[in-house]
Each structure stands twice: as C-alpha cells, then as structure tokens.
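Number of protein chains: 2
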Amino acid sequence: MDSEELLAFLSAVGHAQRIRIITELAPGQLYVSELARRLGVSRPLLYMHLERLEKAGLVVGRLELSDDGKALKYFELAPFDVRLNVDTILAAVRQDASDETGQHSPEGS
Amino acid sequence: MDSEELLAFLSAVGHAQRIRIITELAPGQLYVSELARRLGVSRPLLYMHLERLEKAGLVVGRLELSDDGKALKYFELAPFDVRLNVDTILAAVRQDASDETGQHSPEGS
DNA sequence: TTCATGTGTAAGTGGAGACTGACAGGTGAA
DNA sequence: TTCACCTGTCAGTCTCCACTTACACATGAA
Numbered sequence: 479m480d481s482e483e484l485l486a487f488l489s490a491v492g493h494a495q496r497i498r499i500i501t502e503l504a505p506g507q508l509y510v511s512e513l514a515r516r517l518g519v520s521r522p523l524l525y526m527h528l529e530r531l532e533k534a535g536l537v538v539g540r541l542e543l544s545d546d547g548k549a550l551k552y553f554e555l556a557p558f559d560v561r562l563n564v565d566t567i568l569a570a571v572r573q574d575a576s577d578e579t580g581q582h583s584p585e586g587s
Numbered sequence: 479m480d481s482e483e484l485l486a487f488l489s490a491v492g493h494a495q496r497i498r499i500i501t502e503l504a505p506g507q508l509y510v511s512e513l514a515r516r517l518g519v520s521r522p523l524l525y526m527h528l529e530r531l532e533k534a535g536l537v538v539g540r541l542e543l544s545d546d547g548k549a550l551k552y553f554e555l556a557p558f559d560v561r562l563n564v565d566t567i568l569a570a571v572r573q574d575a576s577d578e579t580g581q582h583s584p585e586g587s
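Protein chains in written order, with my numbering: chain L, 479 to 587; chain X, 479 to 587.
Hints listed in this document are in silico derivations from the structure and should not be mistaken for laboratory results. Note that the coordinates shown come from a computational prediction; the quantities given were computed from them, not determined experimentally. Hints are all accurate, no fakes.
Computed footprint of chain X on chain L; a stretch qualifies when at least three of its residues, placed anywhere within it, have a C-beta under 8 Å from a C-beta of chain X:
(1) 491 to 502
(2) 550 to 562
Below, a sample of chain L positions facing chain X; criterion: calculated Cβ distance under 8 Å:
(3) S481
(4) L485
(5) L488
(6) I567
(7) L568
(8) V571
We treat Cβ as the ideally placed atom computed from N, Cα and C, and that holds for glycine.
Please model the complete structure; the sequences and the hints are all you need to start from.
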C-alpha cells in the first residue's frame, strides 16, 4: 500500500457520515435506497459517499435483481484491517519510491 | 476511543501535507521554522496542520530555549498505534453511547 | 395510464478548511 | 540601530467537497 492508497483509505473513513454507513452495513448488505432511508440521507449524497468508500476498497457494490424484477444496487463491507502507526505510515511513503522505479512489490491484499 | 476521537485521528492523518509532516518528524524533533523550510510550506499553514495533529494526539509541541537564548518551538511525534477494521470502528461508535450515560471507561492511553 | 418503487447522473449552492500575505513582538550579533 | 533569526496570530482568498434539487429512465401493481 503506497501513500496514495493510504490517503484514500484514511480520508474515506475519516468522515462522520461514512462511519455511519460502515456501521449500518456491518450487519449485512443493503441496497442504496434502503440505506438512504435508514440514514436519513438523500440518495445522490449517499452515492457520492459509497463511491468514495468503494474506490478506497471499503465497500463493494453489486447490481442484483429482486424477485419482482426490480434492479437493486446492493452494497456490503469489504474486509479490511489496517494498522496505523509511524512505521506503517513510513512504509507507505517508502512504497511510493518503489512505485516510481517500476518495482511493483508482489505483496498480496 | 470514541468515534469523535477516531474521526479526529483519521481526518488528521488523512491529508497529504500532514503525512509529509509525520514523515519529516519521524527521525526526531524539529522546530517550526526549520520544518517549514524543509517542507517548502508557509509557517502559518504549518501551524494550522501542527495544531490539528496535536489536537488528535499525533504530535507534541514544546517551547525550548536554544543556547543563544532564542525561543524555539519544537515538535515531535507522539507514539500512536491504531488498528482499523470493522470491529474497531464499531467499538468506537459503541463507545459514544457509554460516553452519553456518563460511564467513562477507565482505559489508559 | 398512473402510481410507487428502484437506479443513475447533471447542475447548482454553501461552507469548511487549506492556503497566502502581512503584521507585532522577542532575541543575539554585527 | 540594523540585521537575521525566531514565535504567534489576524484577515483575507480560494478551492474542494459535502449537500440539494431536479431530471431521465426502468419495473410491477392498481
């Protein structure tokens, strides 16, 4: 994980509304309109937040067809576990240099 | 740590400039003007970022007198280690409810 | 056809926070 | 006195992003 990914991750989670979204999605998947109702948030706004969370790899969206034929966009939490201290931050910054030289490290996750 | 503290922490680290500040302070303490020169950042702006980092508990500032009598404001990293996953986020949110009922948990750090 | 449900996006507004420039004040050395 | 440092803060500007309103387009049921 380089500093750009780390930044995307941190700024995604570092927002009250998005913390609420994560909390609401914790028990299981929900589709957008339902989630918007529960949070008392407009749907376009929720879209923005979900998009941000998805780009950062925190949630995953998937279009599904309900029994009565309606298209529902379901979102669920993606598993993530990031440890944050001086060393992990420095590691992310050092990773940038490796990225530039084209030495893509073969690490998973 | 409740969600407010978590939010302060995440939004403090989740900024490119402040990541750079942390990187620069990692080897050891620096005073404000010196740090501003190294980062190529105006001093008032740096003050804002340092203030934000200090409120979130990431850095500590201390006014010191140099040998030649000048006052220097030194900043150094405070030790921190936060693990971030669904459980720790939910724990922070649940902590809010405890805060409201006045049950301050006697946990350290 | 109309209504209630859903997805998806475009266009605009408002405000918080990032950022700049300028100031006042202190010190020791030339 | 002047210079070269330093701290600390105020008052602006500007940019980004959070947020709203409104639209186009589907589906099944009444």
